Amino acid sequence: MSAVRPVTVSWGQPKAAHMRVCLPVLLLMLAACSAGRSAPEGPPNVVIMFTDDLGYADIGAFGHLDYPTPHLDRMAAEGVRFTNFYVSQPVCSASRASLLTGNYANRIGIHNALGPGNTHGIDDAEVTLGELFQSKGYATAIYGKWHLGHHPPFLPLRHGFDDYYGLPYSNDMWPFHPESPHAWGDLPTIDGDSIVGYNTDQTRLTTDVTDRSTAFIRAQAEAGRPFFVYVAHPMPHVPLFVSAERAGQSGSGLFGDVIHEIDWSMGRIMDVLEKTGQADNTLILFTSDNGPWLSYGDHAGSAGPLREGKGTSFEGGVRVPFLAWWPGVLPAGSEVSTPAMTIDILPTLAGLIEAELPPHPIDGKDIWPLFTGESQTSPHEAYFFWYRINELQAVRSGPWKLYFPHRYRTMDGQEPGSAGIPGKYTHQTIGLELFDLSRDIGESANVADDYPEVVNRLTELADSIRLQLGDALTDVEGAATREPGRIAVDR
Numbered sequence: 000m001s002a003v004r005p006v007t008v009s010w011g012q013p014k015a016a017h018m019r020v021c022l023p024v025l026l027l028m029l030a031a032c033s034a035g036r037s038a039p040e041g042p043p044n045v046v047i048m049f050t051d052d053l054g055y056a057d058i059g060a061f062g063h064l065d066y067p068t069p070h071l072d073r074m075a076a077e078g079v080r081f082t083n084f085y086v087s088q089p090v091c092s093a094s095r096a097s098l099l100t101g102n103y104a105n106r107i108g109i110h111n112a113l114g115p116g117n118t119h120g121i122d123d124a125e126v127t128l129g130e131l132f133q134s135k136g137y138a139t140a141i142y143g144k145w146h147l148g149h150h151p152p153f154l155p156l157r158h159g160f161d162d163y164y165g166l167p168y169s170n171d172m173w174p175f176h177p178e179s180p181h182a183w184g185d186l187p188t189i190d191g192d193s194i195v196g197y198n199t200d201q202t203r204l205t206t207d208v209t210d211r212s213t214a215f216i217r218a219q220a221e222a223g224r225p226f227f228v229y230v231a232h233p234m235p236h237v238p239l240f241v242s243a244e245r246a247g248q249s250g251s252g253l254f255g256d257v258i259h260e261i262d263w264s265m266g267r268i269m270d271v272l273e274k275t276g277q278a279d280n281t282l283i284l285f286t287s288d289n290g291p292w293l294s295y296g297d298h299a300g301s302a303g304p305l306r307e308g309k310g311t312s313f314e315g316g317v318r319v320p321f322l323a324w325w326p327g328v329l330p331a332g333s334e335v336s337t338p339a340m341t342i343d344i345l346p347t348l349a350g351l352i353e354a355e356l357p358p359h360p361i362d363g364k365d366i367w368p369l370f371t372g373e374s375q376t377s378p379h380e381a382y383f384f385w386y387r388i389n390e391l392q393a394v395r396s397g398p399w400k401l402y403f404p405h406r407y408r409t410m411d412g413q414e415p416g417s418a419g420i421p422g423k424y425t426h427q428t429i430g431l432e433l434f435d436l437s438r439d440i441g442e443s444a445n446v447a448d449d450y451p452e453v454v455n456r457l458t459e460l461a462d463s464i465r466l467q468l469g470d471a472l473t474d475v476e477g478a479a480t481r482e483p484g485r486i487a488v489d490r
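The sequence shown: position 467 = 466 (numbering that gives the first Met the number 0), numbered continuously.
No wet-lab data here; the hints were simulated from the structure.
The structure displayed is predicted, hence computed values, not measured ones.
Warning: the hint list may mix true and false statements.
Stated by the list, open to error - Here are the simulated EDC-like cross-link-like pairs (lysine to aspartate or glutamate), alpha carbons at most 20 Å apart as the crow flies:
| id | residue 1 | residue 2 |
| --- | --- | --- |
| 1 | Lys364 | Glu380 |
| 2 | Lys423 | Asp171 |
| 3 | Lys423 | Asp411 |
| 4 | Lys135 | Asp162 |
| 5 | Lys274 | Glu178 |
| 6 | Lys364 | Glu130 |
| 7 | Lys135 | Asp161 |
| 8 | Lys135 | Glu353 |
| 9 | Lys135 | Glu221 |
| 10 | Lys135 | Asp448 |
| 11 | Lys135 | Glu355 |
| 12 | Lys423 | Glu178 |
| 13 | Lys364 | Glu353 |
| 14 | Lys423 | Asp297 |
| 15 | Lys274 | Glu221 |
Produce the complete structure using the sequences and hints provided.
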């Protein structure tokens, strides 16, 4: 097993005092003991908290010091922090499709962010995390944002979940959107498979999602049944809302309050696990669907030292915070710098609960040895980053990230938004450019001319995946993609 390293901020700055208090010699001694303990008997419970538009540097464990996130910081201090963790696409639906199916989203025909006008969604043939856990007798639930199709054939109860409460798509797809107030209809709230209201008071969203999640955990613990809970908070996607009980508590404005409330939510979940005796047999994963929506200025998060944000394949768009917590099983206070991605979660959890993988091809690999510290080697030769209807924009292999020529949006030189009103993006073009992320986390120095052999190797890797999944930028049609589900539309 690799040596356990204390948590430090990824770009070399000291952490806040409240984090340093959690990481003295005593914690390292605890880590050394806990890392060697075997997993409890019986199948582990799993909780995944998946936030919306949370930036890489938006919580204390990844460098944010302006507002407290003590429960997420506790996860980092007592668990594992991945510093090179990725989503496959920097946008809502595609990102969630990859997490739930173990596939690059373009393999299964889910692109961009689905909305009220879309007539497609996740196909019945795809195997979700919910179905994976159901195959092993787990109780399953999702509370929060779904975003893989809002028509009945695509909703969670049809795709492996016993219970659902939340929004079918993003919380800004409603009549009050500041950019296009007439573009959306009323935003439905769904309980099970029924619409129970429209334009729900969003100040209650984080609280309601948390209450449903903790009630589900408590019920399954009392029944003695293993459980999987997907806590898909709609925040901090704009518009931002926080409950009256926690408004003003962060001391850092509305955005800080929203993150502080997400942290409160994690604290509630950890608390109910401990009170029901489930903490020692539960794995919690925490991450985000993409980076911050930078055009919203003071209502957007931070990617820290990373370039750009949501809607781009630069590090600020696709690299996200990732924490894993399982007391007594995962080495406390450890850090994983090996690249990993959401596509790897399904095969990893399948191995953990001894479930069969889907019969069709998937793109992810089992990375459990990275969690435990048994290995620091990725099972992938490369990861690929897609955006905007099957455009292969970048590939990462080891420390190298190669970009292919494409147009991207940026707030560089633009006035940021304020108070929920976005600023205006401009667009720039990147050519064939190579970056060494081990030395240049901000992707500021193109070294393609210095390493032509690396450019050639990564280009060959890209060509191989293009044959499978296609690429709109080079007009290649993939031979191994699958169609999404579709509903008939009356004309």
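Structure-based check of each hint:
no.: 1; hint: Lys364 - Glu380; result: holds (11 Å)
no.: 2; hint: Lys423 - Asp171; result: holds (17 Å)
no.: 3; hint: Lys423 - Asp411; result: holds (10 Å)
no.: 4; hint: Lys135 - Asp162; result: holds (17 Å)
no.: 5; hint: Lys274 - Glu178; result: violated (45 Å)
no.: 6; hint: Lys364 - Glu130; result: holds (18 Å)
no.: 7; hint: Lys135 - Asp161; result: holds (14 Å)
no.: 8; hint: Lys135 - Glu353; result: holds (8 Å)
no.: 9; hint: Lys135 - Glu221; result: holds (19 Å)
no.: 10; hint: Lys135 - Asp448; result: violated (52 Å)
no.: 11; hint: Lys135 - Glu355; result: holds (9 Å)
no.: 12; hint: Lys423 - Glu178; result: holds (10 Å)
no.: 13; hint: Lys364 - Glu353; result: holds (14 Å)
no.: 14; hint: Lys423 - Asp297; result: holds (14 Å)
no.: 15; hint: Lys274 - Glu221; result: holds (11 Å)
Consistency with the previously given hints fails for numbers 5, 10, ordered from lowest to highest.
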